[in-house]
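There are 2 protein chains.
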Amino acid sequence: MSNPTQTLTTLKSKLLEIRHLKDASALLSWDQETHMPAGGGQARAEQLATLQTLAHAKFIAPGIEDLLLHLIDPATGLANADADGLDDASKALLRETWQDFSRAKKLPSNFINRLERECSLAQQVWAEARRRDDFPQYLPNLQTVIALKFEEIDYLGYDDCPYDALLDTYEPGATVAQLQPLFATLRQGLLDLLQHVRESASPPDDRILFQTYDEQQQLAFGKLVLHAMGYDFNRGRLDLSAHPFTTAFHPTDVRVTTRVFEQDLPSCLFSCIHEGGHGLYDQGLPQEHYGTPLGESLSLGIHESQSRLWENNVGRSKAFWTHFFPLLQQHFPPQLGAVSLETFHAALNRVKPSLIRVEADEVTYNLHIMVRFEIELALIEKQVAVKDLPGLWREKMQEYLGIAPERDADGVLQDVHWSLGALGYFPTYTLGNLYAAMFFEQACQDATSLKLDIQRGHLLPLKDWLNRNIHQCGRQYSSADLLNRVTGRELSVDPFLSYLRTKIGDVYGFTNA
Amino acid sequence: MSNPTQTLTTLKSKLLEIRHLKDASALLSWDQETHMPAGGGQARAEQLATLQTLAHAKFIAPGIEDLLLHLIDPATGLANADADGLDDASKALLRETWQDFSRAKKLPSNFINRLERECSLAQQVWAEARRRDDFPQYLPNLQTVIALKFEEIDYLGYDDCPYDALLDTYEPGATVAQLQPLFATLRQGLLDLLQHVRESASPPDDRILFQTYDEQQQLAFGKLVLHAMGYDFNRGRLDLSAHPFTTAFHPTDVRVTTRVFEQDLPSCLFSCIHEGGHGLYDQGLPQEHYGTPLGESLSLGIHESQSRLWENNVGRSKAFWTHFFPLLQQHFPPQLGAVSLETFHAALNRVKPSLIRVEADEVTYNLHIMVRFEIELALIEKQVAVKDLPGLWREKMQEYLGIAPERDADGVLQDVHWSLGALGYFPTYTLGNLYAAMFFEQACQDATSLKLDIQRGHLLPLKDWLNRNIHQCGRQYSSADLLNRVTGRELSVDPFLSYLRTKIGDVYGFTNA
Numbered sequence: 001m002s003n004p005t006q007t008l009t010t011l012k013s014k015l016l017e018i019r020h021l022k023d024a025s026a027l028l029s030w031d032q033e034t035h036m037p038a039g040g041g042q043a044r045a046e047q048l049a050t051l052q053t054l055a056h057a058k059f060i061a062p063g064i065e066d067l068l069l070h071l072i073d074p075a076t077g078l079a080n081a082d083a084d085g086l087d088d089a090s091k092a093l094l095r096e097t098w099q100d101f102s103r104a105k106k107l108p109s110n111f112i113n114r115l116e117r118e119c120s121l122a123q124q125v126w127a128e129a130r131r132r133d134d135f136p137q138y139l140p141n142l143q144t145v146i147a148l149k150f151e152e153i154d155y156l157g158y159d160d161c162p163y164d165a166l167l168d169t170y171e172p173g174a175t176v177a178q179l180q181p182l183f184a185t186l187r188q189g190l191l192d193l194l195q196h197v198r199e200s201a202s203p204p205d206d207r208i209l210f211q212t213y214d215e216q217q218q219l220a221f222g223k224l225v226l227h228a229m230g231y232d233f234n235r236g237r238l239d240l241s242a243h244p245f246t247t248a249f250h251p252t253d254v255r256v257t258t259r260v261f262e263q264d265l266p267s268c269l270f271s272c273i274h275e276g277g278h279g280l281y282d283q284g285l286p287q288e289h290y291g292t293p294l295g296e297s298l299s300l301g302i303h304e305s306q307s308r309l310w311e312n313n314v315g316r317s318k319a320f321w322t323h324f325f326p327l328l329q330q331h332f333p334p335q336l337g338a339v340s341l342e343t344f345h346a347a348l349n350r351v352k353p354s355l356i357r358v359e360a361d362e363v364t365y366n367l368h369i370m371v372r373f374e375i376e377l378a379l380i381e382k383q384v385a386v387k388d389l390p391g392l393w394r395e396k397m398q399e400y401l402g403i404a405p406e407r408d409a410d411g412v413l414q415d416v417h418w419s420l421g422a423l424g425y426f427p428t429y430t431l432g433n434l435y436a437a438m439f440f441e442q443a444c445q446d447a448t449s450l451k452l453d454i455q456r457g458h459l460l461p462l463k464d465w466l467n468r469n470i471h472q473c474g475r476q477y478s479s480a481d482l483l484n485r486v487t488g489r490e491l492s493v494d495p496f497l498s499y500l501r502t503k504i505g506d507v508y509g510f511t512n513a
Numbered sequence: 001m002s003n004p005t006q007t008l009t010t011l012k013s014k015l016l017e018i019r020h021l022k023d024a025s026a027l028l029s030w031d032q033e034t035h036m037p038a039g040g041g042q043a044r045a046e047q048l049a050t051l052q053t054l055a056h057a058k059f060i061a062p063g064i065e066d067l068l069l070h071l072i073d074p075a076t077g078l079a080n081a082d083a084d085g086l087d088d089a090s091k092a093l094l095r096e097t098w099q100d101f102s103r104a105k106k107l108p109s110n111f112i113n114r115l116e117r118e119c120s121l122a123q124q125v126w127a128e129a130r131r132r133d134d135f136p137q138y139l140p141n142l143q144t145v146i147a148l149k150f151e152e153i154d155y156l157g158y159d160d161c162p163y164d165a166l167l168d169t170y171e172p173g174a175t176v177a178q179l180q181p182l183f184a185t186l187r188q189g190l191l192d193l194l195q196h197v198r199e200s201a202s203p204p205d206d207r208i209l210f211q212t213y214d215e216q217q218q219l220a221f222g223k224l225v226l227h228a229m230g231y232d233f234n235r236g237r238l239d240l241s242a243h244p245f246t247t248a249f250h251p252t253d254v255r256v257t258t259r260v261f262e263q264d265l266p267s268c269l270f271s272c273i274h275e276g277g278h279g280l281y282d283q284g285l286p287q288e289h290y291g292t293p294l295g296e297s298l299s300l301g302i303h304e305s306q307s308r309l310w311e312n313n314v315g316r317s318k319a320f321w322t323h324f325f326p327l328l329q330q331h332f333p334p335q336l337g338a339v340s341l342e343t344f345h346a347a348l349n350r351v352k353p354s355l356i357r358v359e360a361d362e363v364t365y366n367l368h369i370m371v372r373f374e375i376e377l378a379l380i381e382k383q384v385a386v387k388d389l390p391g392l393w394r395e396k397m398q399e400y401l402g403i404a405p406e407r408d409a410d411g412v413l414q415d416v417h418w419s420l421g422a423l424g425y426f427p428t429y430t431l432g433n434l435y436a437a438m439f440f441e442q443a444c445q446d447a448t449s450l451k452l453d454i455q456r457g458h459l460l461p462l463k464d465w466l467n468r469n470i471h472q473c474g475r476q477y478s479s480a481d482l483l484n485r486v487t488g489r490e491l492s493v494d495p496f497l498s499y500l501r502t503k504i505g506d507v508y509g510f511t512n513a
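Chains as they are written, first to last, in the working numbering: chain X, 1 to 513; chain W, 1 to 513.
Don't take each hint at face value.
Because identical chains share one entry, a pair is satisfied inside a single copy or across any pair of copies.
To be verified - Subject to a maximum C-alpha distance of 27 Å in a straight line, what follows is the list of computed DSSO-like cross-link-like pairs (lysine-lysine):
1. Lys14 <-> Lys58
2. Lys105 <-> Lys58
3. Lys22 <-> Lys352
4. Lys12 <-> Lys22
Calculated directly from the structure, the hints in this document are not laboratory data.
These numbers come from a predicted model, not from an experiment.
Kindly generate the complete structure, drawing on both the sequences and the hints.
Written out as structure tokens, the structure is:
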């Protein structure tokens with residue numbers, strides 16, 4: 001076992017086995033959301049808990065630790081002198097595996113199993129409580145989940161702020177100390193922009209988007225755009241589910257879902273493009289590193305940057321619709337035949353504070369995220385009790401968006417995340433938007449013909465740029481390092497605000513403020 | 001650990017974890033046949049191999065053996081004195097688990113992995129070779145699989161005949177010594193019947209079945225029959241696949257598939273009914289025993305008895321079509337509006353030797369099985385080399401059915417089984433037919449109104465009888481014991497031959513010979 005290459009090979013074969021268990025879990029979850037008969041839910045929850053507990057137990061078993069300790073200095077988490085002969089990618093593989101291992105080992109298998117079971121239960125109660133607008137029904141389950149998250153924080157530990165322990169799960173390296181000033185600047189920029197929007201004399205009308213649109217035609221158009229984006233249907237498929245999502249079992253089997261409503265054109269359309277962006281990332285991960293961190297996506301924020309880049313920077317741009325709007329008109333002549341490109345583009349970019357995050361425009365979307373981030377922070381810092389969340393939600397919504405929900409179903413109950421135990425997840429959505437703006441700006445600088453390509457419906461050059469610069473890297477670099485390698489800059493809100501001011505200024509008839 | 005109930009509880013929790021792994025495997029396989037994008041095949045094969053190897057390794061780990069040895073006498077394989085306080089069902093659970101364990105332990109994990117991989121490969125080559133009618137292309141893979149089966153026989157051991165080791169996998173307790181005389185009697189009976197058919201002056205015409213039938217209407221009718229049979233769509237679903245099959249992940253999630261051809265009415269119809277019979281068995285297994293042998297189906301022969309009973313004894317009977325033919329006519333007025341019940345029933349029961357097993361009528365079907373059984377036996381007893389199988393196939397077909405294939409695609413290459421390593425499987429199809437006749441005869445005796453119910457389209461009394469007498473038993477009894485408990489008889493070909501003589505005599509106009 002003295003040869004580092006041999007050690008690495010043995011380690012990879014063990015990681016591959018765990019990857020297979022996780023892929024099987026992912027298929028069970030996909031099936032649950034798309035095809036599983038209603039009666040199969042209970043058995044499925046138990047099968048999933050077994051697979052996940054087993055994957056965790058196998059990962060933290062002594063075998064993997066022993067192998068890692070041959071090549072890693074546990075004090076730094078970096079490759080040690082025995083690993084000198086290995087290439088940089090292998091050293092990154094070791095570093096990331098050690099990071100995952102160190103984290104996983106802090107969590108007892110018994111805790112994983114309890115968390116999995118309670119979240120599965122909480123999710124079912126949440127769905128029912130949301131339907132019935134009944135927060136008190138859901139309260140005990142949410143309290144249990146939050147208590148488990150406190151337990152998790154204790155296991156994981158933290159340097160500065162307990163919330164960091166959760167955040168780090170989804171966005172390695174991110175901290176409250178980093179996010180708060182970033183979000184403060186962003187908030188001010190967005191509120192200024194919102195003020196301009198409110199004062200505009202010529203706000204767009206988006207009622208054309210909510211006529212009756214045949215569902216099969218909507219799906220056909222969604223597929224057409226996915227094809228154009230380079231989403232490979234030989235290695236993927238599109239299904240329907242209540243909430244759109246993307247899942248992958250290997251770069252050769254990456255599946256996206258959408259939903260379709262007859263009276264809502266943007267819902268199916270932008271779900272397809274958004275999930276297509278996620279799908280391209282997963283299809284673009286390096287197959288030769290499958291089973292190791294180098295074959296995995298970097299973070300939720302980077303993943304979200306891919307979906308938001310396609311959905312917003314591309315899918316809500318005039319360049320994109322220059323080519324695709326005539327095609328959309330061909331799908332829906334009575335509804336759109338007489339509509340101009342400008343009117344359609346303006347409708348897609350209408351800004352209006354609303355209660356539901358997933359329906360929010362690009363300006364108010366991140367204000368929704370800040371509401372959630374601040375509530376989560378208050379929860380974890382014990383400044384608010386779980387039972388008082390509905391009130392705090394109304395307060396924050398009023399403060400940030402100027403509106404507040406009457407029903408909890410449109411407020412604190414709207415998102416599934418907390419019932420899944422996913423606290424610390426929401427900020428990655430905003431990070432995704434910020435990364436997207438920086439990546440897209442850079443792509444346009446690197447390839448000066450990119451906007452023209454998009455105007456002509458040629459989306460593959462953009463896909464190739466993303467493949468090369470982001471997807472192929474897996475987890476070889478940290479988010480900050482990747483951003484720096486690709487754009488030469490540190491994370492900043494400026495590119496996002498600048499992009500948004502230009503577009504929204506154009507649509508609302510005010511100059512770049 | 002001295003309390004047998006505690007030991008049993010611990011054992012069950014370990015078995016449940018293994019069950020979950022196997023269920024996940026089953027979902028991966030189902031998905032592969034129904035929804036997986038074409039590019040995902042290689043990764044899926046590896047994921048499946050991992051799950052199956054892991055399930056096997058967990059089963060033969062010392063933990064389970066230790067628990068079993070507390071309550072089992074390894075000399076007899078039966079519960080020992082320490083298990084005295086347990087009920088009969090628990091003792092049966094121990095007996096069956098020990099039997100599975102003893103068998104699994106003989107097979108090294110490394111062998112399971114090799115077999116899984118070679119079969120996955122052989123299956124792909126087989127599909128291609130069949131398409132191209134190219135046996136030599138497939139020969140090396142088949143030779144490898146057969147060599148592995150010899151290795152498996154060596155691991156498993158046998159008393160009398162090496163083939164028994166394979167047979168026992170699929171039909172516990174069955175032996176060559178038992179099958180040969182049974183098959184000899186059956187063969188003579190079928191050949192006599194075939195002679196009567198050949199001499200008939202009024203053979204039925206089945207061309208009405210091969211008109212153009214809308215595929216959606218065919219599927220709608222298939223679903224209608226599945227509903228009537230009591231197949232629960234809240235705990236199941238119907239999909240399309242190249243080869244129809246049934247799979248279950250729990251009694252609350254049992255899925256059937258069919259295929260549909262526009263010019264072939266029987267294909268989709270009888271696939272639905274056949275798989276529906278399998279599906280009712282899996283939906284009817286006792287949920288409280290899920291994870292243990294008592295929650296599993298008894299054998300492939302018993303499973304096949306359920307599908308064949310519904311497909312043939314019910315689905316090709318005049319009683320069944322008395323109710324359902326008018327409904328079928330409503331689905332296809334131009335094709336069937338002017339056809340009489342008698343003509344339709346006769347067409348469904350036309351007997352004609354043909355090359356393809358899955359399209360065979362009830363008289364010649366078992367002759368196809370005997371061809372395969374004798375070839376497998378010759379292989380395992382080293383009386384024929386793998387390379388000489390195409391010739392032997394032609395000889396046997398000529399001998400049994402009076403016809404021989406020109407192309408290997410219609411001969412030795414037609415079935416997937418050998419590429420899956422499933423040698424010893426085919427005889428269970430004939431056993432299924434024999435069991436089906438005995439069960440159906442008994443059901444009609446137990447419930448004198450059963451045939452009248454079927455004539456009225458009331459299929460639930462039969463489903464309930466099968467639930468009570470067969471499905472609910474799981475593996476509590478052996479096949480022979482179950483047959484004896486239900487019918488008071490030992491396995492015999494007489495009920496099957498008698499049933500067939502009556503029906504075919506009726507259709508072909510000769511009296512019960």
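> Which of the stated hints cannot be reconciled with the structure, identified by number in ascending sequence?
Replying inline: Result: hint 3 breaks, nothing else.
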